[in-house]
Amino acid sequence: MKKFLKWAAIVVGLLAVMGFIGFLWFIPPFSLVPPAEFSKPLIAAAPSTSDITDDAERMLAERGKYILIVHDCSGCHTPLGDQGPKYDEYLAGGGKGVFKGYGTFTSRNLTPDKETGLARRTDEQVNRVLRSGLLPEGRIAYHRDMPWAVYSNWTEEDRHAVLVYLRHLKPIRHNIPPDVEGTAGADPVALETLFGSDNAIH
Amino acid sequence: MKQFHVAVVLLCVVLAGTASSLAGEVSLGRTLYEARCVQCHGKEGKGNGPASTFLTPRPRDFTSGTFKFRSTESGGIPTDEDIVRSIGNGLHGTSMPDWGAFVGKDSLLALASYVKTFSPRFSRETPKPIKTGPTVPLSPASIAAGEKVYKKLECASCHGNDGRCNDAIAADFVDDWGYKIAATNLAEPWTFRGGRAPEDIYLRFMTGIDGTPMPSFAGSASDREMRDLANYVTSLARKPAWSMTAEELTAFYASLDKAAKSNPVERGRYLASSIGCAACHTPMRQDGTMMEELKFAGGQRWDLFPFANVVSYNLTSDKETGLGNWTDDQLKAFLTTGVRRDGSRMIPYPMPWPALAHLTADDLSAIVAYLRTIPPVHNAIPEPATPGVFTYLWGKFRVLILKEDIPIKAYAGNAGVAAQKEVQP
Numbered sequence: 001m002k003k004f005l006k007w008a009a010i011v012v013g014l015l016a017v018m019g020f021i022g023f024l025w026f027i028p029p030f031s032l033v034p035p036a037e038f039s040k041p042l043i044a045a046a047p048s049t050s051d052i053t054d055d056a057e058r059m060l061a062e063r064g065k066y067i068l069i070v071h072d073c074s075g076c077h078t079p080l081g082d083q084g085p086k087y088d089e090y091l092a093g094g095g096k097g098v099f100k101g102y103g104t105f106t107s108r109n110l111t112p113d114k115e116t117g118l119a120r121r122t123d124e125q126v127n128r129v130l131r132s133g134l135l136p137e138g139r140i141a142y143h144r145d146m147p148w149a150v151y152s153n154w155t156e157e158d159r160h161a162v163l164v165y166l167r168h169l170k171p172i173r174h175n176i177p178p179d180v181e182g183t184a185g186a187d188p189v190a191l192e193t194l195f196g197s198d199n200a201i202h
Numbered sequence: 203m204k205q206f207h208v209a210v211v212l213l214c215v216v217l218a219g220t221a222s223s224l225a226g227e228v229s230l231g232r233t234l235y236e237a238r239c240v241q242c243h244g245k246e247g248k249g250n251g252p253a254s255t256f257l258t259p260r261p262r263d264f265t266s267g268t269f270k271f272r273s274t275e276s277g278g279i280p281t282d283e284d285i286v287r288s289i290g291n292g293l294h295g296t297s298m299p300d301w302g303a304f305v306g307k308d309s310l311l312a313l314a315s316y317v318k319t320f321s322p323r324f325s326r327e328t329p330k331p332i333k334t335g336p337t338v339p340l341s342p343a344s345i346a347a348g349e350k351v352y353k354k355l356e357c358a359s360c361h362g363n364d365g366r367c368n369d370a371i372a373a374d375f376v377d378d379w380g381y382k383i384a385a386t387n388l389a390e391p392w393t394f395r396g397g398r399a400p401e402d403i404y405l406r407f408m409t410g411i412d413g414t415p416m417p418s419f420a421g422s423a424s425d426r427e428m429r430d431l432a433n434y435v436t437s438l439a440r441k442p443a444w445s446m447t448a449e450e451l452t453a454f455y456a457s458l459d460k461a462a463k464s465n466p467v468e469r470g471r472y473l474a475s476s477i478g479c480a481a482c483h484t485p486m487r488q489d490g491t492m493m494e495e496l497k498f499a500g501g502q503r504w505d506l507f508p509f510a511n512v513v514s515y516n517l518t519s520d521k522e523t524g525l526g527n528w529t530d531d532q533l534k535a536f537l538t539t540g541v542r543r544d545g546s547r548m549i550p551y552p553m554p555w556p557a558l559a560h561l562t563a564d565d566l567s568a569i570v571a572y573l574r575t576i577p578p579v580h581n582a583i584p585e586p587a588t589p590g591v592f593t594y595l596w597g598k599f600r601v602l603i604l605k606e607d608i609p610i611k612a613y614a615g616n617a618g619v620a621a622q623k624e625v626q627p
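Chains as they are written, first to last, in my numbering: chain P, 1 to 202; chain C, 203 to 627.
Hint data in this document are derived by calculation from the structure and do not stem from the laboratory. Any given hint might turn out to be false.
[As the list claims (entries may be wrong)] Mimicking DSS-like on lysine-lysine, the simulated pairs with C-alpha atoms at most 25 Å apart in a straight line are:
| hint | chain 1 | residue 1 | chain 2 | residue 2 |
| --- | --- | --- | --- | --- |
| 1 | C | Lys248 | C | Lys350 |
| 2 | C | Lys497 | P | Lys100 |
| 3 | C | Lys598 | P | Lys86 |
| 4 | C | Lys521 | C | Lys534 |
| 5 | C | Lys497 | C | Lys382 |
| 6 | C | Lys534 | P | Lys40 |
| 7 | C | Lys382 | C | Lys248 |
| 8 | C | Lys521 | C | Lys497 |
| 9 | C | Lys605 | P | Lys86 |
| 10 | C | Lys333 | C | Lys245 |
| 11 | P | Lys100 | C | Lys248 |
| 12 | P | Lys86 | P | Lys114 |
| 13 | P | Lys100 | C | Lys245 |
The structure displayed is predicted, hence computed values, not measured ones.
Go ahead and model the full structure; you've got the sequences and the hints to work with.
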């Protein structure tokens, strides 16, 4: 009987260890998840424009939505949780990047929240960021953090369409910490280090 | 005699004062320049800062002393006021913002003084402002007269009969720095770099846009005719999308779709430039600038621990090391699902394939069509370095159980093998 218990304990122990290894190996089971599972939520999370009553405004917003999705604004501006991007906080900001010689920056809240989001900014202020990287505080954003240099290639009309759509997002209160200029990452060789999210703001 | 001495001393004091205030202005300008301007114009003013690679048009190279927007004779240096105007108002339709909204006139003057130190032309030459005649108010008569001048000066050969470049004879322009540029679409005044007022447009005819194929037309027509022409160009403006009605927008977007379908390479170029393929698929130097000779040739190394250590792929049409031997379907599958030719998978970051999956079929084909036109550059990209089983498990343990934030890192240098020419015999 004792011998049986001993063996049973070993088997259970082995199963537990294997299970744990299996858990680490497969969860999150990236290689088993079909690609569409990663791409579908991006379109599901973007609010529909069908409730905009003005036809012209809706068409502009629709074009802006397409541009915003394929340029993956959400990739940096939707906060990350344990299970990947928190799409219920779509574009509410919080992604953190450390750039050697430039600073530590947190992606900003793009939703039209009055206190923490883009409702505080005029069209011209937002356009300046998208066109020139010139932030409302007068500093130029680092182009590898916020890739304004590539977005500057948008035509003025496409940029305006993006802005119309941003104004239409669901406002989410999410306070973003101020940028810190001129810090270096922990790795002295890496030029940039990107962290999933800044836990300090939650 | 004594009076003479006093005069000399006074003169010296005045001169020294001017010199030191100029030096102070330059040093303030330098401080501002290094804080705000170097990302595009570069520390040495050569227009080659870290972000310059992605900008169309490219940032100005101040060392050449060639300035586009002036009130001075063609080929000459600009006045201080010209430089201040460009910095203060910005250059519309480009990344150059209107700094006047952020800094005062003193700072703008200081910046202009510092910008002038990059070129020896400013110490050798004096600006020669052009002589301008009286302005002519906008009127149907003046516009009609201007249309005749448009024909007389053959503006249509570059700008097209309707000013929209559609039926232009000349295209494929290159500026003095070797970059591809296009003739301005005169129906879109919000992209007129130096401003859309008739006075601004008039100055472009009279002074030319130095460094570009736009010459000065001073002397080719009377001053009055130039004023009429400026009024005519003003009248060519179309309605911008943000002022259109729903019907107009429908027609406008249909025209854009039609243009994209008839020229997919150009549409692909537009998307590839704004999505920023080159930002990752070009190696960086230690100072953050991009290695332009390897633009699109890949070689930027990313550490995605606990996933594979990857090097961005060579997107040029090189058959051996680039996309030359990929079929359109293989490319489209990778762009939209992250599945490589060998069936291996890419995690959804940093290559944003989950976002690209939402490109319309036409846009996806356009991007592929554009990638095909990138001239081949040999740069052999190493296979992704997958971590060992135990390293992988340890990484997962840190992420899932210890809840660590493991940073993704990008490194400088070309991690590909481009050095064919440098191989010693």
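Evaluation of the provided hints:
Pair hint Lys248 of chain C plus Lys350 of chain C does not hold up; C-alpha atoms about 41 Å apart against a cutoff of 25 Å. A distance of roughly 22 Å separates the Cα atoms of Lys497 of chain C and Lys100 of chain P; the hinted pair therefore holds under the 25 Å criterion. In summary, the hint linking Lys598 of chain C to Lys86 of chain P is supported, as the alpha carbons are separated by about 20 Å, within the 25 Å threshold. For the proposed pair Lys521 of chain C and Lys534 of chain C, the alpha carbon gap of about 18 Å is at most 25 Å, so the pair holds.
Restraint check: the Cα-Cα separation between Lys497 of chain C and Lys382 of chain C comes to about 15 Å, which is no more than 25 Å; the hinted pair holds. Simply put, Lys534 of chain C and Lys40 of chain P have alpha-carbon atoms about 17 Å apart, close enough for the 25 Å limit, and the pair holds. Of the supplied pair hints, the one linking Lys382 of chain C and Lys248 of chain C holds, its CA atoms being roughly 18 Å apart against a limit of 25 Å. Proximity of Lys521 of chain C to Lys497 of chain C is assessed by CA-CA distance (about 17 Å); at most 25 Å being required, the pair is judged to hold.
For the hint linking Lys605 of chain C to Lys86 of chain P, the alpha-carbon distance of about 16 Å falls within 25 Å, and the restraint holds. Note on Lys333 of chain C and Lys245 of chain C: the hinted pairing is violated, with a Cα-Cα distance of about 36 Å set against a maximum of 25 Å. Distance check on the hinted pair: Lys100 of chain P and Lys248 of chain C sit about 23 Å apart at the alpha-carbon level, within 25 Å; holds. Only pairs whose Cα atoms come within 25 Å are accepted, and Lys86 of chain P paired with Lys114 of chain P is accepted, the gap being roughly 21 Å.
Annotation: proposed proximity of Lys100 of chain P to Lys245 of chain C holds, straight-line Cα distance about 17 Å (limit 25 Å).
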